[in-house]
Amino acid sequence: MPPAPKKRRRTPRQLLRGARRRTRRAAGRARRVFWRSLQLRVVTSTMVISIVVVAVLGVFLMQQIVRTTLETRESAAKSEAQADRNAVLGYLNQPAEAAKQPVESGQALQPGGSSPLSQATEALARRAGSASRYSVIIRNEGLSGEFYGTTNIDPVSIPARQRDELFKKEAGEDSTWYTPLYYKGQPDQPVPGMIIGTRLDTWGTRLDSSYEIYHLVPLDKEEKTLASVQQMIILVGAGLVLLLAAISSLVTRQVVTPVRLARQAAERLAAGRLDERLKVRGEDDLARLATSFNEMAANLALKIHQLEELSQVQRQFVSDVSHELRTPLTTVRMAADLLYDAREDFDPMAARSAELMQNQLNRFEAMLADLLEISRYDAGAADLDVDSVDVRDVVLRAVADSEALAERHSTRFDLRLPGEPCMAEMDSRRVERILRNLLFNAIEHGEGRDIVVSVAADRDAVAVAVRDHGVGLKPGEESLVFDRFWRADPSRARTIGGTGLGLAISREDAILHGGWLQAWGSHGEGSQFRLSLPRVAGAVLRGSPLPLVPPEVEMRRTWRGHMTPVLSPAVADGGRDDD
Amino acid sequence: MTTESARRAGTAILAVTLVCGVSACSVIPTGGKSVVAVDNERKGNPLGDPYARVIAMPPKAAWSPEEVVTGFRAAMASPDDPDFQVARQYLTGDFANKWNPHSGVTVYRQGDYEKFAPLREGDEHAQVTLKGTKTATIDQDGRYRPSGGPLNQPFTLAKGAGGEWRISTAPDGLLLSEADVARGYLPVDLYFLDSHWKGLVVDQVRVPIDPAANFAKTTVERLLRGPSSSLKGSVRSALADTELIDVTTENNRVVVDLTRRVDPDLIDPMSAQLAATLTALTKGGWGFEVKVNGESYYADTPLQIDAQEQSNFDPWTTPDTVTSFYLADGALWLLDKENVGRPVPGRAGQKKSGLTRPAISGQPVQQVAALAQDGKSVSVAPLAAGGEWRVWATGESLIQPSWDRYDTLWTVDRPNDHTSIVTRHDGDNKHRYRVSAPDLETLYVKSLKVARDGVHVAVVVKDGLGEQVHVGTVIGERENTRIANLQTVVDSEGKRTIEDIAWKDGKTLYALTGKSELLEASVTAEPKPLAFDSRIGIESITALDSILLAGAKDDQGNRQVLYWTSTKWEPLVKNETGSTDFTENGPSAPAFPLG
Chain A
1 MPPAPKKRRR
11 TPRQLLRGAR
21 RRTRRAAGRA
31 RRVFWRSLQL
41 RVVTSTMVIS
51 IVVVAVLGVF
61 LMQQIVRTTL
71 ETRESAAKSE
81 AQADRNAVLG
91 YLNQPAEAAK
101 QPVESGQALQ
111 PGGSSPLSQA
121 TEALARRAGS
131 ASRYSVIIRN
141 EGLSGEFYGT
151 TNIDPVSIPA
161 RQRDELFKKE
171 AGEDSTWYTP
181 LYYKGQPDQP
191 VPGMIIGTRL
201 DTWGTRLDSS
211 YEIYHLVPLD
221 KEEKTLASVQ
231 QMIILVGAGL
241 VLLLAAISSL
251 VTRQVVTPVR
261 LARQAAERLA
271 AGRLDERLKV
281 RGEDDLARLA
291 TSFNEMAANL
301 ALKIHQLEEL
311 SQVQRQFVSD
321 VSHELRTPLT
331 TVRMAADLLY
341 DAREDFDPMA
351 ARSAELMQNQ
361 LNRFEAMLAD
371 LLEISRYDAG
381 AADLDVDSVD
391 VRDVVLRAVA
401 DSEALAERHS
411 TRFDLRLPGE
421 PCMAEMDSRR
431 VERILRNLLF
441 NAIEHGEGRD
451 IVVSVAADRD
461 AVAVAVRDHG
471 VGLKPGEESL
481 VFDRFWRADP
491 SRARTIGGTG
501 LGLAISREDA
511 ILHGGWLQAW
521 GSHGEGSQFR
531 LSLPRVAGAV
541 LRGSPLPLVP
551 PEVEMRRTWR
561 GHMTPVLSPA
571 VADGGRDDD
Chain B
580 MTTESARRAG
590 TAILAVTLVC
600 GVSACSVIPT
610 GGKSVVAVDN
620 ERKGNPLGDP
630 YARVIAMPPK
640 AAWSPEEVVT
650 GFRAAMASPD
660 DPDFQVARQY
670 LTGDFANKWN
680 PHSGVTVYRQ
690 GDYEKFAPLR
700 EGDEHAQVTL
710 KGTKTATIDQ
720 DGRYRPSGGP
730 LNQPFTLAKG
740 AGGEWRISTA
750 PDGLLLSEAD
760 VARGYLPVDL
770 YFLDSHWKGL
780 VVDQVRVPID
790 PAANFAKTTV
800 ERLLRGPSSS
810 LKGSVRSALA
820 DTELIDVTTE
830 NNRVVVDLTR
840 RVDPDLIDPM
850 SAQLAATLTA
860 LTKGGWGFEV
870 KVNGESYYAD
880 TPLQIDAQEQ
890 SNFDPWTTPD
900 TVTSFYLADG
910 ALWLLDKENV
920 GRPVPGRAGQ
930 KKSGLTRPAI
940 SGQPVQQVAA
950 LAQDGKSVSV
960 APLAAGGEWR
970 VWATGESLIQ
980 PSWDRYDTLW
990 TVDRPNDHTS
1000 IVTRHDGDNK
1010 HRYRVSAPDL
1020 ETLYVKSLKV
1030 ARDGVHVAVV
1040 VKDGLGEQVH
1050 VGTVIGEREN
1060 TRIANLQTVV
1070 DSEGKRTIED
1080 IAWKDGKTLY
1090 ALTGKSELLE
1100 ASVTAEPKPL
1110 AFDSRIGIES
1120 ITALDSILLA
1130 GAKDDQGNRQ
1140 VLYWTSTKWE
1150 PLVKNETGST
1160 DFTENGPSAP
1170 AFPLG
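These protein sequence lines are chains A and B, in that order.
Counting from 1, one number per residue, gives the positions in the first sequence under my numbering.
Counting from 580, one number per residue, gives the positions in the second sequence under my numbering.
There's no promise every hint is true.
As the list claims (entries may be wrong) - Simulated crosslink set (EDC-like; lysine to aspartate or glutamate; CA at most 16 Å straight-line): (1) A:Lys184 / B:Asp789; (2) B:Lys639 / A:Glu141; (3) B:Lys1086 / B:Glu1099; (4) A:Lys184 / B:Asp659; (5) A:Lys184 / B:Asp825.
To be verified - Over the 12 Å line for every Cβ pair with chain B, so calculated as not near, a few chain A residues: (6) Leu89; (7) Thr150; (8) Ser353.
Stated by the list, open to error - Quick list of simulated restraints, FRET-style, between CB atoms: (9) B:Gly611 / A:Trp35: 49 to 59 Å; (10) A:Val156 / B:Lys639: 12 to 22 Å; (11) A:Trp35 / B:Ser613: 52 to 62 Å.
Hints were generated in silico from the structure; no laboratory data involved.
In this text the structure is predicted, and so the values were computed from the model without any measurement.
Using N, Cα and C, we set each Cβ at its ideal position, and we do this for glycine too.
In isolation and in its complexed conformation, chain A is listed as follows (with noise of 0.2 Å):
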């Protein structure tokens, strides 16, 4: 039995990287869904908007019906608290007038021990009524015992400051101050409230001028008021804002699905499904859109399918004119052959004449074999012979048939292949042409310079590059050389003789296979031809085992530092692997 895993034991810092690697991953994708939708874009954006919208209005709008409120009870109160100021007044004087007598021995006490003062108080205490509405403290510091309060009013709510800004205020002028409001009994819950202080105006009677009034005002009431004012504006504009990006969705939407809809259309046109239609619902603009894009889709559909006939009765008329030649060919080649036997006979310049007859015959008789070849290619006639074959065993068998050709030239070929064999799936005949295609112009372009043949395989493919050291590529002609009949300089003459279609069909058969035939070429560095493919024939290839550039000059690039842009696979196998 095998030992349970282990579970593995994270850091805390792996683990914070894996949050912000998810977290990035998260941003990245909310980002792209942002920017891919539009309805999305103008909803946030409307939110945006009228958030702050809202908000200004809301805070503008709370502003004022606080001080709307707290300026409607100030001023009650304050007219309140003149009121009681006057009241005050007159319990004063009153008994002032009537004990001018007896004010001798210090201070004059009123009968049962009641002061004017505390009298007033409780006049004060009655008016104000029940607790809530207000409390009153007054005070004559330099008079003892002259200190009185209201209800539970804890007079430590007074603030320093405000007693002393009354001394410097003239008698009778208020001091409004916004400060919470202590209570016996409830010393932690202080309510908020406003303490208007006065110092009492005894201009004119024979009191002292240093009675000091505060009516102590709760504001709790207002507060809740206020409080449940501002949880019904914020509450009204969330409910606006969401209303407005409702809003806002449901109105993009009525533009953003017809929009959908011809873009899905329009996908489906590119990937070819050429009857593909929009519904033309009603007149408006994205109607019209709508019957352009049919009619747009409709012209295309017949563009190309015109094209499509044009090309086929071409390559008809190709592979028509290959089979029509055949035959005169046949007998022209009969006549030459028994020419060509009897040259021997002949004059030299006849017998010359002869042998040049029959070159040229071969030539055009391979000429016509691959003029066929492509035809069928063309046709969709090709077929694999699939087989599972080493791969070193093909390129060698290749690189047998072109020994003759590379004597020829004085080139030698240094063949790099692996020790293990390279086994995949492949019609090795047609594999063996590409090889030999490829080594065919290898040493047609090297100047007889060493050809490098590589071999490489891993888990999903093997690749062949083949590496010349000729005059090597122009930029631009690296996808250029698999068309037909090209040609890098139009004024060289054919040496070997090829068809001129000999990459194309190596192209044809690469694609076939669902591999890929790229070429890299440098002016003055020679060039190399990769053909990669999949170990298992019909299997999507990712990569190639080998690298496109050789490494050698990839290096040296490096080195030089600066990097030409390397040709991505993806170009040169015109995306074609799934057809």
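Starting from the known structure of chain A, arrange chain B on it as the hints suggest.
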């Protein structure tokens, strides 16, 4: 023409639309009814009406001795400072430690300082004397008792190191003016239960106002502390084993939050106690709810108490079926709603000479007890068909008998001028117990009335100084009964005699003097003269709550029953012809049940 009229019509429509629109936009709606309910002022405010209070201020260095004493008096009156920290700042260091502010309160009137020689430079001591009249005392229990006598209170002051005056001697306890007491103390009627857990007994106390708590909380807190010493031993409290957390108001109810549930049998008595005690604050407008630790009293339902629960619990607190009785022609009559009398059923309703001073027992079995003219016997007859007179008590010199709420008859015999024997007749006179009353036994008891709460007893005694009215309480049952806690409510005043007494309710009683003067007396106040009409001779009185009846005799010896209209006496009983004149052998000796 047509276009003109059309334009005019258009303008009119526009104007109407505008007016409608603008009026619809007005912020304050006009028309329609408000659904906002505001508490009725008359409902009372259980959390307390606004009040003014003295805030203690510490002394200042520059104050003169009088100012220091004035400040000290203000500090003593301040409810903010239960430990009198500020007041102690007025005292010298030594004296501040000795001074005990908790040994009761002396209340005075007309406080003024005695004139004294002006201070000279360098004086180290000074004396300030507060003069006035003592009016009452409040003891530690909160009992407010009127008292008299002059106030002559010296304060000695010493000069401190900084030249400031501090008080070095002052009396223990607090010295408060009447205004201070009115401001700083809450008069509270606490209700407790009698020994049967059936009757509510009032205990009148003063509670210092606590700014940190509302009035209802202060009151309930005091209720939980138990009765004052004037009721010690005679009452019980259903709330004895619990503590108070808070009293709040919620949904028109006063919520009393306790720490512990009471015995299930005591839930009704507790409810009655709370309702009766708080009714002075709620004025009957608030219901009550009892919670325990902030949760419902019962697991599933709250314990809600009716605003008038005390009346349901003890009907005698507010008796509503008021039937009065009176004697006429030697028979007992019953006064119906039209103030026309009819004889009571049974033998009591038939003429029998020689009966005076009837006393009617309470529901459900009503009986009448009457004193023989010679004072030698007390007879009882049921007020039902076939009810016969039976002699319950005989003696040398009996007084008018008195029923209590449990159908026990109380009689007093006076073998001589300085002996009085109080007897209770329980269970239809099956048991007679001598009541121990050490304070009364050596005196001449002229009258004894048990109050409707069954606990308070009012007694008129005559001694060498004159005649006085005392109020005491009944403690114990059967043979262990005694009358104790006697307090004087009407002091003797020269040759003034007290002819009759009648309980108004559990705390107030009326006393009739020999000069037909009527006094309203209670333990918490000086007797207050109520009525004086020398033209009418009043023989006896009876009272039930706000109704006060009197038996009167005019100069010709004709009699009638009068009722008090709060300003004067009016004749009450109508004869067959609807006349209310005084007649010979007319209505006399009115009596209410338990009166």
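Going through the hints against the structure:
1. For the hint linking Lys184 (chain A) to Asp789 (chain B), the alpha-carbon distance of about 9 Å falls within 16 Å, and the restraint holds.
2. For the proposed pair Lys639 (chain B) and Glu141 (chain A), the alpha carbon gap of about 9 Å is at most 16 Å, so the pair holds.
3. For a cut-off of 16 Å, the pair hint linking Lys1086 (chain B) to Glu1099 (chain B) stands: about 10 Å separates their Cα positions.
4. Note on Lys184 (chain A) and Asp659 (chain B): the hinted pairing holds, with a Cα-Cα distance of about 8 Å set against a maximum of 16 Å.
5. With a C-alpha separation of about 15 Å, the suggested pairing of Lys184 (chain A) with Asp825 (chain B) holds against the 16 Å cut-off.
6. Every CB of chain B is more than 12 Å from the CB of Leu89 (chain A) (nearest about 17 Å), matching its label as outside the interface.
7. The claim that Thr150 (chain A) lies off the interface is violated: its Cβ sits roughly 5 Å from the closest Cβ of chain B, which falls inside the 12 Å cut-off.
8. With 12 Å as the threshold on Cβ separation, the claim that Ser353 (chain A) sits away from chain B holds: the shortest Cβ distance comes to roughly 114 Å.
9. For the pair Gly611 (chain B) and Trp35 (chain A), the beta carbons lie near 56 Å from each other, so the given range of 49 to 59 Å is met.
10. At roughly 19 Å, the beta carbons of Val156 (chain A) and Lys639 (chain B) sit within the given window of 12 to 22 Å.
11. Trp35 (chain A) and Ser613 (chain B) have their C-beta atoms about 58 Å apart, which keeps the hinted 52 to 62 Å range intact.
Checked against the numbered hints listed earlier, the structure breaks hint 7 alone; every other hint is satisfied.
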